[in-house]
Amino acid sequence: MTSKRRADAPPATKKTRTGPSSYHVADNHYGGHWPVTRRLESPLNFLHECPWKIPTEKNRIKHFDPVQISQDALQTQVIVHPKLQPLITAFLHYKQAHGSDIEKSLYANMSQHDLVSRLILNRCLHFVQAHDYTVLRDGTILPYGHDEWMRVGTDEEAVNDHIFLEDYLSYDEMMLASMLGTSGPTHFINAGHRNNRALIDSSIPHQDRGITIGLVGARFAAPGQMDHIICGLAQHWHGERLQDPGLTKIFREVFDPDYDEETFEEGKLNEKIYKSRIQLTIETALLEADDRAAAEGTTAHVFLPGLGLGVWRVSDIQIKWYFQALFDSLAWLDLKHVTSLECGWEQLTRWPDLEAILKAIGDARGIKVIIGSQRPPCGKLETEELLVRVWAWDGNSLPGNEYWSGGMCLTSSDDPAAACNSTIAELHNPWVNPFARKIKVLLERERRHSKYVVAEREQHAPPPALKSSDSTDFPTLDEIRAAIPADGIDAKSLIMIFKSRVAGRTAEFIRLVKMAARQSNDPATRGKVVPKEEEDGEGAE
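Residue 285 in full-length UniProt numbering sits at position 285 of the sequence shown, and the numbers go up by one each step.
Please note that a few of the clues may not be correct.
Stated by the list, open to error - Listed next, the in silico DMTMM-like pairs over lysine to aspartate or glutamate satisfying Cα-Cα at most 25 Å (straight line):
1) LYS272 - ASP334
2) LYS336 - ASP363
3) LYS440 - GLU385
4) LYS320 - ASP258
5) LYS268 - GLU253
6) LYS368 - ASP328
7) LYS83 - GLU57
8) LYS83 - ASP260
9) LYS438 - ASP291
10) LYS268 - ASP316
11) LYS380 - GLU57
12) LYS272 - GLU253
13) LYS336 - GLU385
14) LYS62 - GLU253
15) LYS440 - ASP260
16) LYS249 - GLU265
17) LYS359 - GLU271
18) LYS440 - ASP291
19) LYS249 - GLU266
20) LYS320 - GLU296
21) LYS438 - GLU384
22) LYS272 - GLU261
23) LYS440 - GLU296
24) LYS104 - ASP147
25) LYS336 - ASP316
26) LYS268 - GLU346
27) LYS249 - GLU262
These aren't lab readings, by the way, just hints derived from the structure by calculation.
Only a predicted model underlies this, so the values are computations on that prediction, with no experimental measurement involved.
Modelling step: build the complete structure from the supplied sequences, incorporating the hints.
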């Protein structure tokens, strides 16, 4: 059991015990898991020298105006979705009451603020793959770190040679960390393509400056942990320690307020929980982009990659659910300063109706939605919008992740690509820029029933109404509008028209119904659909 100490005080460095000969400790001038380096010269004297070798040169902050860099550093912050606050509180209370002795000691006097700061600071340099290839902050390389990570924070932690809760995150904490983000202004040195390697390339025009936001998709690589168990995939998994069921229940109830242990179907990817979890991350990006553009008196062009849809993806259905979650975010958030949303790489060729309604809701909100863009993330814009570049991060690494191993790793994912073409390797690094306690809880701004602000839309002749037997695809907005008669219709009757096409997705259909009613081009029809919850006297404003 570790000794009790203030939650916000760095622990004394633990000496690394001798481990298997396959483990390697890289050269590290400053040494230890808690390196202390000298401060930079004024006006950057609140920043520290990076404790680790930076593998590239042109993206170093020393090559830019120090006054601008100081402003960028001061504007870098941790961003938290408002729905995370009750989850963080519940997590702390649960660990204080039911955690291991090590956890009870660590969390005893910890506040929400302390925990969020810890989730940013107590990360390793490099953390990838299912077997948890790891480079620790003291330079130790663990080619197969999974067993040690699984013991962190448990009563078996003493068996470990290198990784301990006082220095690093547990797997339970990684789940929380994966739902936080970092945000700040930066210089861009190139267009940010995957193979940019921090090289200047004048052949591809790029934005000189913008905002970078680091966010994390759903990670299923650790059986019985994180999204793997929370989204329902761990039922038949054997040979691994499963997350504490009480903690799993807390996470699931946040993502699905109607969660019921008795009826939850284990062993398959749960649509509602996955979509809710990824929607929280998408909303974090959109809300922060909206705030950043407002602060600069302009509008935002958001580049959003498919978070968690690359090597982390376990099913193609995630692509569809991801973009449905994006649709829900656009439908409900009151975004006043986002005018372009460029969704990089992932195509919706298998779900053309979904792409159509995404572009339609974008039109209605005054947002140009681009799906499957192959443009480099920081390519030159034709407009004067503020570029907000979202990059795919990890819940247990410093910004850049593979970046810190240099060499061929610089081109291995979006994480090092983002670090190579910007200043995030230093300015989003809490060991260089002490921003880990600069935490911003975003303000969730939703469009409620009586507060819809709908932009002018291009007029289209509505197609004839379809009977439920005419198609098996989910109904589109145009089909729903066409099915609403001039004298209005109740939601129950509308559901019956599309019964076979909305099975299991009634709530999503109701959202479209509300939207169709309020966006009707016919003033006589507009608003003449009463959704079921309003018929029952619930949810009406």
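To see whether the hints hold, each was checked on the structure:
1. LYS272 - ASP334: Judged against 25 Å, a Cα distance of about 23 Å means the pair holds.
2. LYS336 - ASP363: holds, 13 Å
3. LYS440 - GLU385: Distance ~23 Å between LYS440 and GLU385 Cα, so the pair holds.
4. LYS320 - ASP258: The given pair, whose Cα atoms are some 22 Å apart, holds under the 25 Å limit.
5. LYS268 - GLU253: holds, 17 Å
6. LYS368 - ASP328: Within the cut-off at roughly 16 Å; holds.
7. LYS83 - GLU57: Distance of about 39 Å is beyond 25 Å: violated.
8. LYS83 - ASP260: holds, 20 Å
9. LYS438 - ASP291: holds, 16 Å
10. LYS268 - ASP316: holds, 13 Å
11. LYS380 - GLU57: holds, 22 Å
12. LYS272 - GLU253: holds, 11 Å
13. LYS336 - GLU385: The hint holds at about 13 Å.
14. LYS62 - GLU253: Not satisfied, since the Cα-Cα distance of roughly 46 Å exceeds 25 Å.
15. LYS440 - ASP260: violated, 32 Å
16. LYS249 - GLU265: Given pair LYS249, GLU265 holds - Cα atoms ~13 Å apart, limit 25 Å.
17. LYS359 - GLU271: Roughly 23 Å separates the two Cα atoms, so the pair holds.
18. LYS440 - ASP291: holds, 11 Å
19. LYS249 - GLU266: holds, 13 Å
20. LYS320 - GLU296: Between LYS320 and GLU296 the Cα gap is close to 34 Å, so the pair fails against 25 Å, i.e. violated.
21. LYS438 - GLU384: violated, 29 Å
22. LYS272 - GLU261: holds, 14 Å
23. LYS440 - GLU296: holds, 17 Å
24. LYS104 - ASP147: holds, 22 Å
25. LYS336 - ASP316: violated, 32 Å
26. LYS268 - GLU346: Holds. LYS268 to GLU346 sits at ~23 Å (cutoff 25 Å).
27. LYS249 - GLU262: holds, 12 Å
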